[in-house]
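**Q** Protein chains in written order, with the working numbering: chain A, -10 to 324; chain B, 161 to 485.
Since the hints were made in silico from the structure, they are not lab data.
A hint or two may mislead.
[Claimed, not checked] Just some of the chain A residues that point at chain B, by a computed CB distance under 10 Å:
1) L112
2) M116
3) L121
4) G129
5) M134
6) V168
7) G204
8) F245
9) E292
10) I295
11) L301
12) K310
Yeah, the Cβ is synthetic: ideal placement off N, Cα and C, and Gly gets one too.
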Amino acid sequence: MSDTVLKQPDPVIFVRGLREIFVRYSLFFICIAVVLTFSILRPDFTHAENIKEVLISASISGIMFLGVTWVVAAGEIDISFMEVAALSDMLVAGLVNAGWGWPLAACVGLLAGVAVGLLNGFLVGYMRLPALITTLATGGFARSMAAVIGLGSSVEVSHTGVVGRFLNLHFGFLPAVAVLTIVLYAIGWFIQEKLVFGHYIYAMEQNREAVVEAGIPARRLTLLVYLISGIAAAIAGILLTASLASGQPRIGVSFFIDGLTTVLLGGMVIKIGQPNVLGTLLAVLLLAVLVSGTALLGWSDWERDILKGALLFIGVTIVVKGRATPETAQMGGAH
Amino acid sequence: MNRALGIRLGAFLAMVLVIGAVFGLLSPQFLSQNNIAAIFRHMSADGIAGLGLTFVIVVRRFDLSFPGIAALGAMTTGQLIALGYPLFPSILGGITLGAACGIINGLAISVLMLPDIVTTIAMGSIAYGLSFIYSNGATISDNFMESGILDINDQKIAYLDEPIFFMLVLYVFAWIVLHRSRFGRAFYATGENPRAALFSGVHVRFYVIAAFVLTSATAVWAGILHCAEAGQADPSAGDGFLTPAFASVYLGAALFGFASVPATFAGTLLISMMLNGFTLLSVPYYYSDAIISIVLISAIAFFDPRFAVILQRIINMRSLTGAYK
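Turn these sequences into a full structure, and let the hints steer you where they fit.
**A** Below, the structure written as structure tokens:
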């Protein structure tokens, strides 16, 4: 008798499971729906050249936001990432024009990311200063230094060197930089899911006190997530120099809202209410598709600003409502 | 006046004197009457955004949307003037729209319990985007001459330039609200311990919303002052507000122990003096972000309670050794 009961599908559980799957993978479905819509509205959307462009821009943003994902997942916030990218972008441009080779200039750009990341991590992790204000200030400093390099204006780069060749390299319609991004995200996924580091990040967001009490080096972990964020942003900055063939000191502004929107929208998938790398990758793709598609449809920048703001609202609402305890959701609001 | 406040006030005056002396020596113009007026003028626009932000910091929240809201409000005022509306309703229209954005911020944060930082970033992006809606981003300057908006920048009231006069009025008004009224206590109570405040009969949600509304409204006013000075409204009206506003609130809080209206005034004054001084020394504008960032970082490091404990220990030690003598 009990056997037959067990074998009967329970409609309630079935519906709940269906809803769970729908919520969990909603971003996949949205992504597919958006791509389909644009392909129908604008046939040139699916041209190989456009796909390549979308993938390259998604890859650069994706690398930049990889580190931010974990900072937000750890319950902190980083609003200096885009200025770190701008600084590394300008540093590379300036050094290349000063006659340095691309590899060496890229190393210096990377070092800038390490420096700002360590500074953020030290101030937030060790000194426990409020993350928002700290990264606002370090970001402002990085922006200022980026402007200083070009004396307030942008810097043209004479040649895009080895990084430029890397950006032009592609396998069919798949650019090499997209492969790099996928590899980085795969490593990120492994670290986040399989290593204890990943579990600690989410534990810190839930209850930092408990993490400290349990003997986990929370300060070092905070330092590490900010360091990763700085390095990731610096790599993106180096790629931007080659991609734009110039250093743009004010490039950060355009990535600020995108970064946080991406990370929070990414929190909608797989781990509901928790930013994670796979979610970020999907959201980056969605945003790149939206930007490219709406551009083909003739939208202007400000219309996209409104769209992104609305998406951020939706993303954060879902993330917060998806979490079990809304009290812990005051991200970075810790004083 | 108690002793701790005396020390803090002394520290503030010492900083004013040191900054004044250093820049006065490096550039004799610094202490001229015209330049001092210029410092206050700078405070009256950029510094006024910090005044509103004080309320948000007092209720222990963050607002990153006010630069975008300032742009939207300023463009709205510009558009209303261009459409031929008189000056006062136009300004009121801009400020009302800004306040409406503040209400949305406040509702999302206190009722929907969304995180403040992300909500206000989203709101800032939407408001900034909407500021392009009237003219697609082009500057608006129709009717500016006739409407009298330029007079806000040029005329004087009671021997003071109008922007400075309005700044003082706003500061006095904010001081009365925050420090001489029941409402002010409730703002602090909401920030210190919302649960205790709620059980004491404080309408916590109302005060959070009110704080965001005040920030948005003052930011719009600051944006309008920018437009009056430039003689045109454009969407970059709020661009430079974010970091200086935070820096002035936190620098003031560092000096006086907690965020308050006089503290923000002090912070704004110091920052305006420094920026003005560096400009006189012909330090390029793009260094100003770095200067403010360094000030901001130092301010929050000093604002840190542990630092206050160390300071208290030093003071106690002094008084102890004094007692032994």
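**Q** For the restraint on V168 of chain A, tell me whether the closest CB of chain B is nearer than 10 Å.
**A** Where the cut-off is 10 Å and the nearest Cβ of chain B is about 32 Å from V168 of chain A, the hint is violated.
**Q** How about L121 of chain A: closest beta carbon in chain B under 10 Å, or not?
**A** With a closest approach of 6 Å, the L121 of chain A hint holds.
**Q** Hold the hint about L112 of chain A up to the distance rule: shortest CB distance to chain B must be less than 10 Å.
**A** Holds, because the Cβ-Cβ distance from L112 of chain A to chain B comes to roughly 7 Å (cut-off 10 Å).
**Q** Per the CB criterion, is L301 of chain A less than 10 Å away from chain B?
**A** Holds, because the Cβ-Cβ distance from L301 of chain A to chain B comes to roughly 4 Å (cut-off 10 Å).
**Q** Report holds or violated for the interface hint on G129 of chain A, using the least CB-CB distance to chain B and a cut-off of 10 Å.
**A** Given a least distance of 4 Å, the restraint on G129 of chain A holds.
**Q** Hold the hint about F245 of chain A up to the distance rule: shortest CB distance to chain B must be less than 10 Å.
**A** Check passed: Cβ of F245 of chain A comes within 8 Å of chain B, closer than 10 Å.
**Q** Against chain B, run the beta carbon of G204 of chain A and see if the smallest gap drops under 10 Å.
**A** 22 Å, violated
**Q** Identify whether the interface hint at E292 of chain A stands, where standing means a beta carbon of chain B within less than 10 Å of its own.
**A** 7 Å, holds
**Q** Closer than 10 Å between Cβ atoms is the bar; does M134 of chain A clear it against chain B? Give me holds or violated.
**A** Result: holds, 7 Å to nearest chain B Cβ.
**Q** Using Cβ atoms only, decide whether M116 of chain A comes closer than 10 Å to chain B, and label the hint accordingly.
**A** Where the cut-off is 10 Å and the nearest Cβ of chain B is about 7 Å from M116 of chain A, the hint holds.
**Q** Next item in the hint list is I295 of chain A. Is there a CB on chain B closer than 10 Å to its CB?
**A** This interface hint holds because 4 Å falls under the 10 Å limit.
**Q** Is the shortest C-beta separation between K310 of chain A and chain B less than 10 Å?
**A** 9 Å, holds
Of the numbered hints listed earlier, those contradicted by the structure are 6, 7.
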